[in-house]
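Each protein sequence line maps, in turn, to chains P and V.
Just so we're aligned: the first sequence equals residues 1 to 585 in our numbering.
Just so we're aligned: the second sequence equals residues 586 to 1170 in our numbering.
Simulated from the structure, these hints should not be mistaken for lab results.
Hints may be right or wrong, so weigh each one.
What the hints assert, rightly or not - Selected chain P positions facing chain V (in silico; Cβ < 8 Å):
#  : residue
1  : 117
2  : 123
3  : 132
4  : 181
5  : 182
6  : 183
7  : 201
8  : 296
9  : 335
10 : 337
11 : 542
What the hints assert, rightly or not - Far from chain P, by Cβ distances over 12 Å, these chain V residues were calculated:
#  : residue
12 : 606
13 : 643
14 : 808
15 : 835
16 : 841
17 : 847
18 : 863
19 : 1032
20 : 1042
Remember, it's a predicted structure, so these values are computed and weren't measured experimentally.
Every residue gets a Cβ at the ideal spot worked out from N, C-alpha and C, and that includes glycine.
There are 2 protein chains.
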Amino acid sequence: MYLEHISSPADIRGYTADQRRALAQEMRTALIRRTSMVGGHIGPNLGIIETVIALHTVFDSPRDQIIFDVSHQCYPHKMLTGRAGAYLDEAQYSGVSGFTNPEESPHDIFSIGHTSTSISLATGLAKARDLAGRSENIIALIGDGSLSGGEALEGLNVAGEMETGLIIILNDNDQSISENHGGMYRKLKELRETNGAAPDNLFRAMGLAYRYVADGNDAEALIAAFTAVKDTRRPVVLHIHTQKGKGLSFAEADPEGWHRHAPFHIESGAHKKIAAPDPYAAATVDFVLAEAQRNPNFVYLSAGIVGGINLTPADRAALGSQYVDVGIAEEHAVAMAAGVARGGARPVFGTYSTFFQRVYDQMAQDVCINRSPAVFLATGTSLYRSTDVTHLGFYDISIFSHIPNLVYLAPTSVAEHIAVLRWAVEQREHPVMIRMPYTGYDESPYPVRADYGTLNKSIVVTEGADAALIGVGNFAALASAAAAELAREGIHATVVNPLYLSGLDTALLDALKANHRLILTIEDGIIDGGFGQKVAAFYGAQGSVRVKNYGLPKQFFNRYNPDELARTYHLTAPQIAADVLRAMR
Amino acid sequence: MYLEHISSPADIRGYTADQRRALAQEMRTALIRRTSMVGGHIGPNLGIIETVIALHTVFDSPRDQIIFDVSHQCYPHKMLTGRAGAYLDEAQYSGVSGFTNPEESPHDIFSIGHTSTSISLATGLAKARDLAGRSENIIALIGDGSLSGGEALEGLNVAGEMETGLIIILNDNDQSISENHGGMYRKLKELRETNGAAPDNLFRAMGLAYRYVADGNDAEALIAAFTAVKDTRRPVVLHIHTQKGKGLSFAEADPEGWHRHAPFHIESGAHKKIAAPDPYAAATVDFVLAEAQRNPNFVYLSAGIVGGINLTPADRAALGSQYVDVGIAEEHAVAMAAGVARGGARPVFGTYSTFFQRVYDQMAQDVCINRSPAVFLATGTSLYRSTDVTHLGFYDISIFSHIPNLVYLAPTSVAEHIAVLRWAVEQREHPVMIRMPYTGYDESPYPVRADYGTLNKSIVVTEGADAALIGVGNFAALASAAAAELAREGIHATVVNPLYLSGLDTALLDALKANHRLILTIEDGIIDGGFGQKVAAFYGAQGSVRVKNYGLPKQFFNRYNPDELARTYHLTAPQIAADVLRAMR
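Between the sequences and the hints, there should be enough to build the whole structure, so can you do that?
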């Protein structure tokens, strides 16, 4: 065994080619075993093992700085930088995150989870190095679909003008998360087929030097290529061709399905546990397929992650020209949706809440100033969803609810979600964004509407007195549960589902003043800039009603336990009920 | 005279080459005359006259749809689409805006003001057209530095994969607003020098067809080129070489100075009126130059608009390698700043508030999750600044104040601004964003601090009782003026400068409860998600103090009169004082 003895990259520098091959095999075995037990981004990491061995053989990390784009392909890097135990020893599996993290190791330069940032970050490190007169190597490793993101292309263009050393490694595995999209990928294919000689080279067109390595899973070839560019005084792109999923037959055969995988049986590749299907996503997929049939002008847009609702290859095939995957390019997707709607068709663009963060400007300018009636579907909008600090899905209310002309809705059940989505797609008046529920009511406790065009009209779920609980989206059910607890104590609280995040039902809020002393707002998001603060500000001008905002504080949480986090911030029914009782006394 | 008789593009379609030349001359004369009187984007528009004549000769607008990127180069288009009067008749000069606007004309497809969006919007129009089985031409006209923006590059990549008709015209005038930046511009130069034949063609590298037109100011050559691609069934780039400022000698000689110009004397090019220098920008420039001298690791980053503080060519030369203009690429600039700070140097990235909208994700991910102590300077943050709907500068508090780890500050005077900036650049703990004042105190009414590291500590400007006026940034002086009015009525109000937008001085707010019944928050921004709502939410939980939020409603205003807008929303001292008196009775 080599791996268990590696505590820093220096340990592998004297290895022979045979030792490196043995090490790669050990790493592959450990990766497969670990992922089979706890899941993870198996495909990208299997493809990049030799690259990482070569990097740590040629360069002197952490003096030389390696930035992993998206950073979900950092597992082999962690194995060679003092964290092998977390990949070898089951008891230590939870000791590392799935992304680079400077708090774990000085070999991790940034905490990274969104794509396409590595080149820009690297140019900054290079600038700081040059100002200080130092000479370390700066290496950005990008690939796996990230190159189509605008920030990466901006970075290439700026790097192309910098007259300084900067090494950009394009890990070309001919595969994004689902598929690669965009004209550049056809050209990358030509480069692969010509050993890097094809004309119209994107990198050279950006002013960069370029080198091709045909077998990106051959550590020896990579070591030669890295050695040749080490200590370069100008920016250079190394285009290396790797195989995603290398060494795991299932992953080699189905790179999309094995980009990230849940725990599986190593022999068969079968899931160890069939995940319960998300009822909201499933209903959305059904709606999308039916709507595409019904309306030939309906189109579903995706930005590299199958629309945030896991459209299967069969779904995408069924949608045909009514499905567009633009690759990882959220800004483009939003502006394109604005154009589709302006052209008279009906677009829905879906992605995770955390990736919508990239499109504030496009939502404001391309969509909302133009009142383009495009529809946006934000998924994973919950503290119960992704718990990685780079993928938190509970900031969207604070980001998008204050853009003029945008109707932002938080439905509370499958039925209400689909009713809202249907209305959004049929109407032509408003840009609409929908916060797809993640948890909440199993069934709607009230009939849904056919028309949501009367904006900002809340739903009174339960009529009561003294206290009113306004439960937003996912947390409408929590508000009802807290009200049920209160009912046992003799307090019959009003429960309201506001539905609209982008405006207040001022008539209802005014009416509540008559027989309510305490208003609670409960949202699956941060309090700062959230829905509850708007309610507090509404009542604040009068000073007669107390308003308590429930939600999360403005803070980056990482790898947290969602139930614990909810308890810490009193986001459970018993705690809310107890708080109300205390306040009412 | 031709121009005065043109009410729609159809009127020019039968013109001879001589008539077109005469028309171009008339348009040039009208543009120069109008701009000499009311100012505007003279350089880009002079360069594009022949392009627009050719477009409207070959294509059938509005059936064929032409999208103008940034759209500040839309004046000739407006002249030929029923709005000639607004360029010929002084009395009608204010009848049109400086950007495309669908409310003005069906020939304007989108309201556009930010760069790099046209290709993405065009792909959306093309998709809608194809779904509906129509066949109109879709044309995106991009250039003048916009091509370096990530959204434009994403758009090229997606367009390169679309097997449908789409015409992208690159208006290459070898000039951005200040300078073009990035490796691609060197390659565009090679294309110009080789009549389009140079290798490593960016557009072909993105999968697009490509054609070059050497003289982009020759309407006849352009007509031939446009005719050749009309009704194309595949995406094609027409690279046309134009001369910015053509026909106005001063503008030809100094394209940066004449990109946009204030009213001038036609004979000499001299300004008609010397604008009073902005004291905040001037002090910032002085600070930047001095700090660069003092600290060799200090670097100022700009994204195509000379840092938002109008660094002159001499300033930039003095800064040398301590100045980096990345071109129009705000996302890159923010990530690069994160890298510079991580590398131990001290970056400041400055741009207008409205352009910071593009970088929410980079601020959150690259900067704030990583606690990278970079400094960001937002300028034009006032309702008194740009009044175009696409350039409003008063949304930044709602966007950025809720990002964890970011210290967002709104200084109130030149002295406080520079003190805050100095602290920000010297400390290494926090990412810091500064809202550069635009109006406000001439001189600070209190001594400034040397250290702003004790976060969220407000400044009590005047101690009083009963009512407290919390005046944010630009409006601190307004709060003091209102307090002065109140003092005449016998009410001695407390005045507070909160300074920190990203957190509350809860100790002070708690203390105010003892002898204040009414709290006013007054900010030069929208109320939704703004600073005041945080104060309202703080007091709302107690219900004992009334809080009134002053600011603008969540709404897109366009070409408004700032004083009128301020009056409409009671943002004047007499109105605020009267409101307080009424409320206190």
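Hints versus structure:
For residue 117 of chain P, the interface hint holds, since its Cβ comes within 8 Å of a Cβ in chain V; the closest pair sits about 5 Å apart. Taken as an interface hint, residue 123 of chain P checks out: its beta carbon lies about 5 Å from the nearest beta carbon of chain V, inside 8 Å. Taking 8 Å as the C-beta cut-off, the interface hint given for residue 132 of chain P holds, the closest approach to chain V being about 6 Å. The beta carbon of residue 181 of chain P comes within 6 Å of a beta carbon in chain V, closer than 8 Å, and the hint placing it at the interface holds.
Hint status for residue 182 of chain P: holds, given a least beta-carbon distance of 4 Å to chain V, under 8 Å. For the restraint placing residue 183 of chain P at the interface with chain V, the shortest Cβ-Cβ distance is roughly 2 Å, inside the 8 Å limit, so the hint holds. At its closest, the beta carbon of residue 201 of chain P sits 5 Å from a beta carbon of chain V; the interface hint therefore holds under the 8 Å criterion. Checking residue 296 of chain P against chain V: minimum C-beta separation of about 6 Å stays under 8 Å; hint holds.
Restraint check, residue 335 of chain P versus chain V: the minimum CB separation of about 3 Å is within 8 Å; hint holds. Among the interface hints, the one on residue 337 of chain P holds; its C-beta lies about 6 Å from the nearest C-beta in chain V, closer than the 8 Å criterion. Because the beta carbon of residue 542 of chain P sits about 7 Å from the nearest beta carbon in chain V, less than 8 Å, this interface hint is met. At roughly 35 Å, the least C-beta separation between residue 606 of chain V and chain P is larger than 12 Å, which holds for a residue marked as non-interface.
No beta-carbon of chain P is positioned within 12 Å of the beta-carbon of residue 643 of chain V; the least distance is around 21 Å. For residue 808 of chain V, the non-interface assignment is confirmed: its Cβ lies about 26 Å from the closest Cβ of chain P, beyond the 12 Å cut-off. Annotated as non-interface, residue 835 of chain V keeps its C-beta farther than 12 Å from every C-beta of chain P; the closest such distance is 29 Å. Its beta-carbon lying about 18 Å from the closest one in chain P, residue 841 of chain V satisfies the requirement of being farther than 12 Å from that chain.
Against the 12 Å criterion, residue 847 of chain V stays outside the reach of chain P, whose nearest CB is about 26 Å from its own CB. Every beta carbon of chain P lies more than 12 Å from that of residue 863 of chain V, the smallest distance being close to 25 Å; the non-interface claim holds. With 12 Å as the threshold on Cβ separation, the claim that residue 1032 of chain V sits away from chain P holds: the shortest Cβ distance comes to roughly 31 Å. In this structure residue 1042 of chain V is separated from chain P by more than 12 Å, as the shortest Cβ-Cβ distance comes to about 18 Å.
Every hint, counting from the list given before, is met by this structure.
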